[in-house]
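Peer 1: Spelled out, the chains give:
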Amino acid sequence: MAIFSLAWKSLLNRRHSALLTLFSIALSCTLLLGVERIRHETRQAFTQSVSGTDLVVGARSGAVNLLLYSVFHIGNPTNNISWQSYQELASHPKVAWTIPISLGDSHRGYRVVGTSVDFFTHYKYGAKRPLTFSDGRAFDGVYEAVAGSEVAKTLGYHLDQRIVIAHGAGNLSFSEHGDKPFRLTGILAPTGTPVDRSLFVSLQGITAIHVGWQGGAPVPGLNLSPAMAAKLAKEPDDITAFLVGLKSKIATFNLQRHINEYPQEPLTAVLPGVALGELWGMMALAEKALMAMSAMVVLVGLVGMLSLMLSALNERRREMAILRALGANPWQILLLVVGESLFLTLSGILAGLLLLYALLWFAQPLIQSRLGLYMPLNPPGSREGLLMAAVVLAGLLAGLVPGLRAYYYSLADGMNIRV
Amino acid sequence: MGAEPPVVDIRDLEYTWRGAAGPILRIARLYLAPAERMFVKGPSGSGKSTLLGLVAGVNVPCSGTVRVLDRSLGSMGGSTRDQFRADHMGVIFQQFNLLPYLSVIENVLLPCRFSRRRLENASARGDALTEAKRLLEHLDIGPDLLHQRASDLSVGQQQRVAAARALIGGPELVIADEPTSSLDADRRSAFVKLLFRECGETGSALMFVSHDDALEPLFDRSVHLDEINEAG
Numbered sequence: 001m002a003i004f005s006l007a008w009k010s011l012l013n014r015r016h017s018a019l020l021t022l023f024s025i026a027l028s029c030t031l032l033l034g035v036e037r038i039r040h041e042t043r044q045a046f047t048q049s050v051s052g053t054d055l056v057v058g059a060r061s062g063a064v065n066l067l068l069y070s071v072f073h074i075g076n077p078t079n080n081i082s083w084q085s086y087q088e089l090a091s092h093p094k095v096a097w098t099i100p101i102s103l104g105d106s107h108r109g110y111r112v113v114g115t116s117v118d119f120f121t122h123y124k125y126g127a128k129r130p131l132t133f134s135d136g137r138a139f140d141g142v143y144e145a146v147a148g149s150e151v152a153k154t155l156g157y158h159l160d161q162r163i164v165i166a167h168g169a170g171n172l173s174f175s176e177h178g179d180k181p182f183r184l185t186g187i188l189a190p191t192g193t194p195v196d197r198s199l200f201v202s203l204q205g206i207t208a209i210h211v212g213w214q215g216g217a218p219v220p221g222l223n224l225s226p227a228m229a230a231k232l233a234k235e236p237d238d239i240t241a242f243l244v245g246l247k248s249k250i251a252t253f254n255l256q257r258h259i260n261e262y263p264q265e266p267l268t269a270v271l272p273g274v275a276l277g278e279l280w281g282m283m284a285l286a287e288k289a290l291m292a293m294s295a296m297v298v299l300v301g302l303v304g305m306l307s308l309m310l311s312a313l314n315e316r317r318r319e320m321a322i323l324r325a326l327g328a329n330p331w332q333i334l335l336l337v338v339g340e341s342l343f344l345t346l347s348g349i350l351a352g353l354l355l356l357y358a359l360l361w362f363a364q365p366l367i368q369s370r371l372g373l374y375m376p377l378n379p380p381g382s383r384e385g386l387l388m389a390a391v392v393l394a395g396l397l398a399g400l401v402p403g404l405r406a407y408y409y410s411l412a413d414g415m416n417i418r419v
Numbered sequence: 001m002g003a004e005p006p007v008v009d010i011r012d013l014e015y016t017w018r019g020a021a022g023p024i025l026r027i028a029r030l031y032l033a034p035a036e037r038m039f040v041k042g043p044s045g046s047g048k049s050t051l052l053g054l055v056a057g058v059n060v061p062c063s064g065t066v067r068v069l070d071r072s073l074g075s076m077g078g079s080t081r082d083q084f085r086a087d088h089m090g091v092i093f094q095q096f097n098l099l100p101y102l103s104v105i106e107n108v109l110l111p112c113r114f115s116r117r118r119l120e121n122a123s124a125r126g127d128a129l130t131e132a133k134r135l136l137e138h139l140d141i142g143p144d145l146l147h148q149r150a151s152d153l154s155v156g157q158q159q160r161v162a163a164a165r166a167l168i169g170g171p172e173l174v175i176a177d178e179p180t181s182s183l184d185a186d187r188r189s190a191f192v193k194l195l196f197r198e199c200g201e202t203g204s205a206l207m208f209v210s211h212d213d214a215l216e217p218l219f220d221r222s223v224h225l226d227e228i229n230e231a232g
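Line order of the protein sequences matches chains C and Y.
The opening position of the first sequence corresponds to residue 1 in our numbering, with each subsequent residue numbered one higher.
The opening position of the second sequence corresponds to residue 1 in our numbering, with each subsequent residue numbered one higher.
Treat the hints as calculated values from the structure; they're not laboratory data.
Some hints here could point you the wrong way.
Below, computed lysine to any residue pairings styled on SDA-like, alpha-carbon distance capped at 25 angstroms [unchecked claim]: (1) C:LYS9 x Y:ARG113; (2) C:LYS9 x Y:THR65; (3) C:LYS153 x C:VAL117; (4) C:LYS9 x Y:LEU119; (5) C:LYS9 x Y:SER181; (6) C:LYS128 x C:LEU350; (7) C:LYS9 x C:GLN368; (8) C:LYS9 x Y:SER222.
So the derived list for chain C, only partly shown, Cβ under 10 angstroms to chain Y, looks like this [claimed, not checked]: (9) GLU88; (10) LEU155; (11) ASP238; (12) ARG318; (13) PRO330; (14) LEU334; (15) SER410.
Model, not experiment: these values are computed from the prediction.
Note that the Cβ used here is the ideal one computed from N, Cα and C, for glycine as well.
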């Protein structure tokens, strides 16, 4: 149609201001879609990290806090659970399996998780997928370790790698268990969960390296050989938390109450789903604020387009009169202007989307290593589609303002050229 | 007037702008024969542009009829009227006739984009592009200017390009709204003569509005708007 090629050439004629407008719409869309993407992927990552686990049990604390430190390795545990309580609860008739978790040590910035081999059989992530080894096998001996995929990849570790564990969590640690090195026996396949960023050893291993330590520091002058320490390390005094799988889901609340009212020790048992729900509730306000802000930024971008088009309209009244004289009808004039706004909005969204994916592609490793958030380059989700549709609608409405004005100008001016 | 119906036939026309107290135009009769060149004279504000808008079908009379090529513009629908204008009329404005972002040749070919009839007419002797070049050459626009942007031309050149655009595809009626007022005095009659020659070749009738008395003797017939307009 003649009018569209004219619209295109007219826009090309104003390409500098049009490009700036397009760019501002693109940037605002990148922000909007990026916020939504992060929101969605964060939830996804949290939800994916724990599946098939019925209860998470730790020392008495808030549900969110317990879930965060036990499963996501965010924050620090408030207290430990005694080995005795763990033993008793693990042998509860309704309990199918348990995974003990003992935190507190690290290896070059990665958390070291003391656990049992049950971890490799019962831990599930995503759609109840079990862990698999990309190389090697689970730990067996006291001084054997299994690395998450990212740990092995980033540190360039292979099987039989010698690993020294540092006391305390975090990058900077001054006391290392240098005298009792571990040997890497297995590397896990990537999961996109905190498992990738953890190093797994047996509970005995954790106990062994701490034999002869008191109050978080080695006792001076006491030097135990690794073999000796392994012999001494029978079972730990306490663990940080444990995950519970039940024989029947029906017993969940029952057991939860039982644990929460456990007489020997103040404990907390949480349902991962419920705790996540609580977490979303806490994050909802911040999410909404971020969304509202990015929506405002998009609005600013569209208002920029509106002001550009309105200021161009006065100049273009001449153009409209010429087109009218050539036989264009007022509807075509309306289409000319609205089509331009639609084109700017659509290509702005497209450019914004491309920019978002480019950013994700570049920042993916950084986000993963710094925030522990895996951001896959998935196609836009339904909510993102909805957001984009909303932007198109807003762009269309913004375009109708100069469009209708042009329509009425072309009716009122007729063929008169206003100078 | 011969056996052929007049190109323009206005009867008992009355037009009032919306919100105006009284009518700006009240014309009992005005006609334009095929291939006739009519000079419409009137001072500014006398309703010249309104009259042209009514003939072009951009505006519709409040009462009376405007017939163009024996068809009543007032009884057509809006977009039919717009298409009718695209098919049968060429318009030349006082100035700023051309779309600045198109080349000279693209500007001339514009009517062929809006009207299949004009495209077919223009292609009768080959293709529309050749016809556009021929028209431009006749109007003293050399081949070196064809692909220049319209905004780079002088005012005189722009008016001649506008004339070529109005004439392409042989419309029955060419409407010119003071097309010479932005030209130097010595270029005005040259422009009008060129316009006459091309109108003669395409057989178009010309309705030429101006307040420039010097041009009046060149035309077949002259009408003074103040004399035929009973309004005001």
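Peer 1: Hint by hint, which ones does the structure fall short of?
Peer 2: 2, 5, 6, 7, 8, 9, 10, 11, 14
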